[in-house]
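Student: Work the whole structure out from these sequences, hints included.
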Amino acid sequence: MPTSNAQSESSRRPPRRQKTQADAPGVVAASPVPNGDATVADELPRFRIFIVDSGWNSAARQVLHDNFHLLRDLQRETPIYLLGRERSIDLLRRYPALVGKDPIIRVHSEVLRKHRPPGFHGFRLHLGLLKEHDHALSALQKFVRFIGVHRDSRDLEMDMRKKLRLEGLQGAFEIIAHGDAHGVSI
Amino acid sequence: MLETSADVVSVGAGLLAVGYVIYEIDRRQRKLHDIWDTLGAHDEERTEYLEGLVASGELVPYTGGALP
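Protein chains in written order, with this note's numbering: chain A, 1 to 186; chain B, 187 to 254.
Straight-line distance between alpha carbons at most 30 Å, and here's what the computed DSBU-like set of lysine-lysine pairs gives: (1) Lys142(A) to Lys217(B); (2) Lys101(A) to Lys131(A); (3) Lys163(A) to Lys101(A); (4) Lys217(B) to Lys101(A).
These are computed hints drawn from the structure, not numbers from a lab.
Tutor: Shown next as structure tokens:
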């Protein structure tokens with residue numbers, strides 16, 4: 001159960017992490033080891049991963065299940081929240097536009113740059129839109145690589161936008177050079 | 187100037203090719219953003235919903251065992 005301090009934190013939205021040594025560049029946030037004395041705010045790591053999976057029998061779901069433990073091992077310092085089937089269905093009923101896009105992997109991240117609005121930012125991957133096994137696996141690998149490489153990034157969203165722009169340009173060159181108009185590489 | 191029907195066909199084909207490339211780049215960009223994107227204002231409600239589950243203790247980090 002959250003402490004009373006944590007409850008007061010949760011009443012504000014979104015919850016903010018207190019300044020810690022982990023805010024310094026190059027210092028990785030500590031793993032959220034349960035600690036009865038620490039508040040939830042103290043334990044908040046830089047990233048949180050949420051996985052929404054309502055259970056469609058899809059290649060993307062198979063890829064996620066086959067590789068989930070590897071993903072977890074590679075992101076040990078990042079808490080992973082699995083919504084489970086019932087809660088995922090609740091979410092999809094609440095936001096029906098997401099149906100068919102799950103499994104969805106969301107990364108919530110705090111932005112350290114001062115000029116950005118405070119609170120949680122991040123990015124998401126609609127893995128369920130990738131129908132081919134290889135494409136889903138490649139996207140999952142890119143996802144893990146991206147948050148690994150940008151762990152100390154001061155603005156994860158900006159890095160993601162740069163990456164998307166770069167991928168878009170590469171796609172344009174592919175079309176012009178090869179006429180390959182069918183796949184999306186990322 | 188377009189003096190022969192061959193010129194007209196060539197220019198038309200060129201315009202079609204350029205249009206197709208623009209259309210295809212735009213289509214791929216949209217698809218890319220459907221798959222990957224940053225959390226924008228339209229995601230705020232979902233973000234708050236999920237963070238609310240964590241803050242309330244309804245959702246806890248995965249610690250091992252079989253996947254749900």
